[in-house]
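Starting from the structure of chain X, add chain H with the ligands where the hints point.
Same order as they appear, the protein sequences are chains X and H. Taking our numbering, the leading residue of the first sequence gets 1, the next gets one more, and so forth. Taking our numbering, the leading residue of the second sequence gets 1001, the next gets one more, and so forth.
Heads up, some of the hints might be wrong.
Label pairs and their calculated CB-CB ranges [said to hold, decoys possible]:
hint, chain 1, residue 1, chain 2, residue 2, range
1, H, 1112, X, 146, 36 to 42 Å
2, X, 257, H, 1131, 42 to 48 Å
3, H, 1135, X, 279, 41 to 47 Å
4, X, 268, H, 1123, 50 to 56 Å
5, H, 1107, X, 71, 32 to 38 Å
Calculated from the structure, these hints are not laboratory results. The structure presented is a predicted model; accordingly, all values stated were derived computationally and were not measured. Here a beta-carbon is modelled for each residue, glycine too, at the ideal position from N, C-alpha and C.
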Amino acid sequence: MVELLAQTGLNAIYAAAYMSLIAVGLVLVFGVLGVINFAHGELFMIGAYVVVAIYADFQMPYVLAAAAALVFVGAVGILMERTMFGPLRDNPLGGLVASIGFLLILQALVSVQFGVRMEHVPPVTQDVIVISEKVRLPVQRLAVIIASIVFLSLLWIFLRKSKFGWALRASAQDREAASLQGISITRISIIAMFIGGALAGIAGALTAPLISVNPHMGHSVIVAAFIVIIVGGVGSLEGAVVASIAYAFVHTIITTFWDGVIADIVGLALMLAVLIIKPTGLFGTADRA
Amino acid sequence: MLLEVENIAVSFGKVAALRGISINVGKQSIVAIIGANGAGKSTTLRAISGLEKLQEGEIRFEGEAISNLPPDRIVGRGIAHVPEGRRVFPDLTVEENLRTGAFLRTDAEQTEADLRSVFESFPRLLERIGENAKTLSGGEQQMLAIGRALMAKPRLLLMDEPSMGLAPVVVDEIAVIIRKICAEGVPVVLVEQNAQMALRLADYAYVLETGTVALEGNADSLLDNDHVRAAYLGV
Ligand SMILES: Nc1ncnc2c1ncn2[C@@H]1O[C@H](COP(=O)(O)OP(=O)(O)OP(=O)(O)O)[C@@H](O)[C@H]1O
Ligand SMILES: [Mg+2]
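Chain X on its own, in the form it takes in the complex (with noise of 0.2 Å):
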């Protein structure tokens, strides 16, 4: 029992750390742009056929084709902001819709070039870390883990002691009083699209050996991060990290003890206490709802 315990921990922590990157970063844009993007899930989908191009396909070193993913799929974001966000800029509604119309692209565009079979991306390593008969963690899994906690350490450095990381919390909290301090809400936006992008293209790169690798695998996580930003507040950066740690936990015990489609009821359910119970979230303040 014990073990089962630790192994689904470490389970947890494995599924907590790529929702975190991937919620932070939806967050991230909601707060500083106020539009939902309901293509962040493809963003994710397209760093791991990064990782099946370069790495599986062309058969270059993983760490560069996750390089790669970040970069491309940061350089992705800003394409975003620039063709639709950015002219959409005060509807927040057009925003999101043409969110769900470049999520459909992405996904032709995958499906044209690579079909619509599962990839199989080879594994990097194939070690694992035996900790006791039955409590394992593959080596692949650790290195999602490290890298996830450097990747938000990161992000948290830079929100904090960077000038352009005041500039978007100041964004994210009162968008018209940031640009009447010379901020520009026009590169702020493209910072933030490119740190979103990027942090979902890492997440898919870095899974991508993990999981079954399919045009549409950006559904199954949208689901989850949007659960955890409206649990854990939404426009609060703090909030999504730890909403999402604590999110995946609940979510990978309840899988392992029932099964998963009982884990996204009480997902769901969760959800909606929230809502109805704090509907700025657990950790949201008042003034963005």
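Just chain H with the ligands, lined up with the frame of chain X:
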């Protein structure tokens, strides 16, 4: 003239908020804009800062047209704006709020010196330097908003109802600060519903009524004007 606002018009859908307003601000002066609820005072300041698009008219600052530049570029030209309702960043600390005001500046040493002088003018902000702005009282938040604007090292300061919701003692403190800012060489455009305070501080004043300038003149003469006395000073 430092600032020339020439016959500007702004609409929100079918509602015409400003219908041809002209305002001039010279160097070394406090210019007041008074008027009732919805007269168009805030819209005038927001148009100057680039937050509202002009339908007609032109705005020049230091002789150059700034009409329809984005707000961040207008800050770069030297106009800072203390917005209605203070609008400090609630989850940034006092220090972070002040430093955001200096976002465009590259003169690091002078910026640090200005930060120290803001803390000298507002000792209460220094006491709460590390706390989030949302924990401050209304008066402290107003001082933070003013300090933040000063950190931009502006050559013109726009202030929208700095006395709103504050106790009379605090309003007096704010008035002293506005005088000091002007004395240090930064002209102020002061929007107020508190006409008494505004006219006492100002050199020149405009009275807005439903999006037009109903009256203008030296602040002293407006204090004696019958219409102003009846409509805005309640005497
Ligand atoms: N965002 C907006 N959308 C629609 N109408 C607006 C908007 N902002 C202002 N208005 C309208 O424009 C007119 C001028 O408003 P403004 O805020 O400039 O008035 P004000 O003189 O600052 O009033 P107050 O003393 O209440 O602050 C009003 O009729 C107001 O209802
Ligand atoms: Mg107003």
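Going through the hints against the structure:
1. H:1112 <-> X:146: 36 to 42 Å: 38 Å, holds
2. X:257 <-> H:1131: 42 to 48 Å: 44 Å, holds
3. H:1135 <-> X:279: 41 to 47 Å: Because 23 Å falls outside the window, the suggested range is violated.
4. X:268 <-> H:1123: 50 to 56 Å: 52 Å, holds
5. H:1107 <-> X:71: 32 to 38 Å: 34 Å, holds
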